[in-house]
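Undergrad: Residues 118 to 795 in the working numbering are what the sequence shown lists, from first letter to last.
If you are wondering where the hints come from, they were derived from the structure by calculation, not from laboratory data. Keep in mind that this is a model prediction, so the values were computed, not measured. We put the CB at the ideal spot given by N, CA and C, even for glycine. Treat the hints loosely; a few may be bogus.
[As the list claims (entries may be wrong)] Listed next, the in silico EDC-like pairs over lysine to aspartate or glutamate satisfying Cα-Cα at most 20 Å (straight line):
id : residue 1 : residue 2
1  : LYS202    : ASP192
2  : LYS202    : GLU189
3  : LYS176    : GLU781
4  : LYS202    : ASP181
5  : LYS780    : ASP260
6  : LYS780    : GLU766
7  : LYS780    : ASP181
8  : LYS780    : GLU266
9  : LYS202    : ASP260
[Stated by the list, open to error] For each label pair, taking beta carbons as the anchor points, the in silico distance ranges come out as:
id : residue 1 : residue 2 : range
10 : GLY146    : GLU337    : 54 to 62 Å
11 : HIS144    : VAL636    : 49 to 57 Å
12 : LEU235    : LYS334    : 24 to 32 Å
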Amino acid sequence: MPKILRVLFWIAVSLLGALALATTALHRGEQINALWLVVAAVATYAVGYRFYSSFISAKVLALDPLRATPAERLDNGRDFVPTNKWVVFGHHFAAIAGPGPLVGPVLAAQFGYLPGTLWIIAGAVLGGCVQDFVILLFSVRRDGKSLTEMAKSEIGRVGGVVAYVAVLSIIVILLGATALIVVNALKSSPWGTFTIAMTMPIAVLMGFYLRRIRPGKVLETSVLGFVLVLAAIFGGQWVSETPSWAATFTLTAPTLAILIIVYGFAASSLPVWLLLAPRDYLSTFVKLGTISLLAVGIVALRPSLNMPPLTRFADGSGPVFAGTIFPFAFITIACGAVSGFHSLISSGTTPKLIRREPETRLVGYGGMIAESMVAIMAMIAASVLQPGVYFAVNSPAGIVGQAPEVAATTISSWGFPVTAAQMASLAHAVGEQTLYNRTGGAPAFAVGMAQIFSNTLGGHAVMALWYHFAIMFEALFILTIIDAGTRVGRFMLQDALGHIWKPLGRTSWYPSILFTSAVIVAAWGNFLWQGIKDPLGGINSLWPLFGICNQLLATVALCVATAIIVKMGRLRYVLVTLVPLCWLVAVTFTASWHKVLDPNPRIGFLAHARQLAATGANPRLIFNDRLDAAVTGVLVVMVAMILIESGFECMRVISGQKSAVTKEAPFVMTSLAMEEQA
Numbered sequence: 118m119p120k121i122l123r124v125l126f127w128i129a130v131s132l133l134g135a136l137a138l139a140t141t142a143l144h145r146g147e148q149i150n151a152l153w154l155v156v157a158a159v160a161t162y163a164v165g166y167r168f169y170s171s172f173i174s175a176k177v178l179a180l181d182p183l184r185a186t187p188a189e190r191l192d193n194g195r196d197f198v199p200t201n202k203w204v205v206f207g208h209h210f211a212a213i214a215g216p217g218p219l220v221g222p223v224l225a226a227q228f229g230y231l232p233g234t235l236w237i238i239a240g241a242v243l244g245g246c247v248q249d250f251v252i253l254l255f256s257v258r259r260d261g262k263s264l265t266e267m268a269k270s271e272i273g274r275v276g277g278v279v280a281y282v283a284v285l286s287i288i289v290i291l292l293g294a295t296a297l298i299v300v301n302a303l304k305s306s307p308w309g310t311f312t313i314a315m316t317m318p319i320a321v322l323m324g325f326y327l328r329r330i331r332p333g334k335v336l337e338t339s340v341l342g343f344v345l346v347l348a349a350i351f352g353g354q355w356v357s358e359t360p361s362w363a364a365t366f367t368l369t370a371p372t373l374a375i376l377i378i379v380y381g382f383a384a385s386s387l388p389v390w391l392l393l394a395p396r397d398y399l400s401t402f403v404k405l406g407t408i409s410l411l412a413v414g415i416v417a418l419r420p421s422l423n424m425p426p427l428t429r430f431a432d433g434s435g436p437v438f439a440g441t442i443f444p445f446a447f448i449t450i451a452c453g454a455v456s457g458f459h460s461l462i463s464s465g466t467t468p469k470l471i472r473r474e475p476e477t478r479l480v481g482y483g484g485m486i487a488e489s490m491v492a493i494m495a496m497i498a499a500s501v502l503q504p505g506v507y508f509a510v511n512s513p514a515g516i517v518g519q520a521p522e523v524a525a526t527t528i529s530s531w532g533f534p535v536t537a538a539q540m541a542s543l544a545h546a547v548g549e550q551t552l553y554n555r556t557g558g559a560p561a562f563a564v565g566m567a568q569i570f571s572n573t574l575g576g577h578a579v580m581a582l583w584y585h586f587a588i589m590f591e592a593l594f595i596l597t598i599i600d601a602g603t604r605v606g607r608f609m610l611q612d613a614l615g616h617i618w619k620p621l622g623r624t625s626w627y628p629s630i631l632f633t634s635a636v637i638v639a640a641w642g643n644f645l646w647q648g649i650k651d652p653l654g655g656i657n658s659l660w661p662l663f664g665i666c667n668q669l670l671a672t673v674a675l676c677v678a679t680a681i682i683v684k685m686g687r688l689r690y691v692l693v694t695l696v697p698l699c700w701l702v703a704v705t706f707t708a709s710w711h712k713v714l715d716p717n718p719r720i721g722f723l724a725h726a727r728q729l730a731a732t733g734a735n736p737r738l739i740f741n742d743r744l745d746a747a748v749t750g751v752l753v754v755m756v757a758m759i760l761i762e763s764g765f766e767c768m769r770v771i772s773g774q775k776s777a778v779t780k781e782a783p784f785v786m787t788s789l790a791m792e793e794q795a
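Full structure from sequences and hints, please.
TA: Here it is, written out as structure tokens:
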């Protein structure tokens, strides 16, 4: 394309994005079309990828296509394997795409669609994508080292140890909160429970088929898995309509919690090829296919957003979770804009697969753009619902009341009309017994997605199928994180225990595998159990804790990245990571203060503990609140220690007291460039 046409094209894209953003932000009165949000996001992401990521590639990171990556230099056919960039992109997206971009925007929609949408777009382009990109490249240049190893080598020993403890603690809390979402989505839902339960034997069958029966037949395995998943969805409908089977698969929250804990232990202990790999492979197809279908549905239907841009709950009195837009909208959105969990993947398996340095831009920056687009679609799915329906689904019984009529009256009094008959009709349409008090965001997303799909593909008659397909889609997202997160936590624990007794550090020694898996699962299982026993639905306390932990982890990652940029001698470009780092520090430290010390019992852990103690509540609930407060406080102190040590390290380099030297692996010329030219 001639240069003048390229210039005109990008000017047009920029103007279109600016128009869409302005329309989204300034539109008042009549309902806005969801397509404006899609256009605003796509145009902004395109400009950000084309120009901002190019600037970072050339000026900040100086990507070198001639430098051999660890995948090439250390190729062992197992952990380090040079892999096609699109395959790596798919692996990376499957690994980072957890519950955050689906659930966070749905919960944040209680403020209205505007705050969350603007933060998802801006936060991803300027923060989340940057973090994923730079951490991936820095790990590639250090032979695939983990985030904690980079913190130790680039910041200092104390920072490395503190980062290790903080990261492991944060992983535990993240897994507990994400498991709670699955429980809240599947409780009292025989259709959903049966469908998700069937994906596990399907995954095992796929593993045996690909390894023992038809080795290497990936296409056959994919077709088999797809057909069986569809059969599980239709089978779930038959189960829900058959009284005896429906009773078997209608499970309470405690029962589901125990089953998920057992599943987490099995996924961490069994061989990767038997359950983890085929489940992740299966979920990748479902994720990509469903996201594509949802995008097509939104573009084809062009639904209007029924949620206003700002609701009355911007004052912090929201029923879904308490707290004002700042800082709680930002920690609630979490992964849709910036995700600390991604830094573990960007410094985990992904850097060991990268063939050439320039590919880190597509995988790191581009992968986060894809996840952020999922968050935009989740915001649309929540906002197309009538606000009364949205709050009926997401509000806990402790806020709106247990009886349908009472809940409907309470929500209508807020200015969002809804009736018990309307909710009963909607529940019947999606094949559920009730949709009240389904906290956690997943059911609301599924209802919104089912409405979009049923209006474009199949009509109202198949709304129940689309709803349970959406529930399965979300559960697969979440279970993938539980699979991978539990195993990552187990590896980290084994690494630490190996310094105490060497056999415990051997990842191939089965007693060590079983012991460390049990410890990690018990740790996050405690937070899960705390959530299901919470009379406010668990999400009110656990999701803000999840968001704080996730963003604290991103703070650590950006802190490490900032220190490396300074030591690379590129101080003039340090604002690329320093600005999002400062923003996250402001958000997470403010949110942590509120969650620990706020006098409002719906916000502050300690205030809620005092309220429970005054009413003679179960001592276990009081202990849980105090534990949450202690965990939050300790994590903030540890992250502050990392920030301080990193700051001193940077000042020593800037002042000349210490030479600007990084711990990169020595340069080795790649042979892949010559192979491609040949």
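Undergrad: Compare the structure with each hint and give your call.
TA: To see whether the hints hold, each was checked on the structure:
no., hint, verdict
1, LYS202 <-> ASP192, "holds, 16 Å"
2, LYS202 <-> GLU189, "holds, 13 Å"
3, LYS176 <-> GLU781, "holds, 18 Å"
4, LYS202 <-> ASP181, "holds, 16 Å"
5, LYS780 <-> ASP260, "holds, 10 Å"
6, LYS780 <-> GLU766, "holds, 14 Å"
7, LYS780 <-> ASP181, "holds, 17 Å"
8, LYS780 <-> GLU266, "holds, 11 Å"
9, LYS202 <-> ASP260, "holds, 18 Å"
10, GLY146 <-> GLU337: 54 to 62 Å, "holds, 55 Å"
11, HIS144 <-> VAL636: 49 to 57 Å, "holds, 52 Å"
12, LEU235 <-> LYS334: 24 to 32 Å, "violated, 47 Å"
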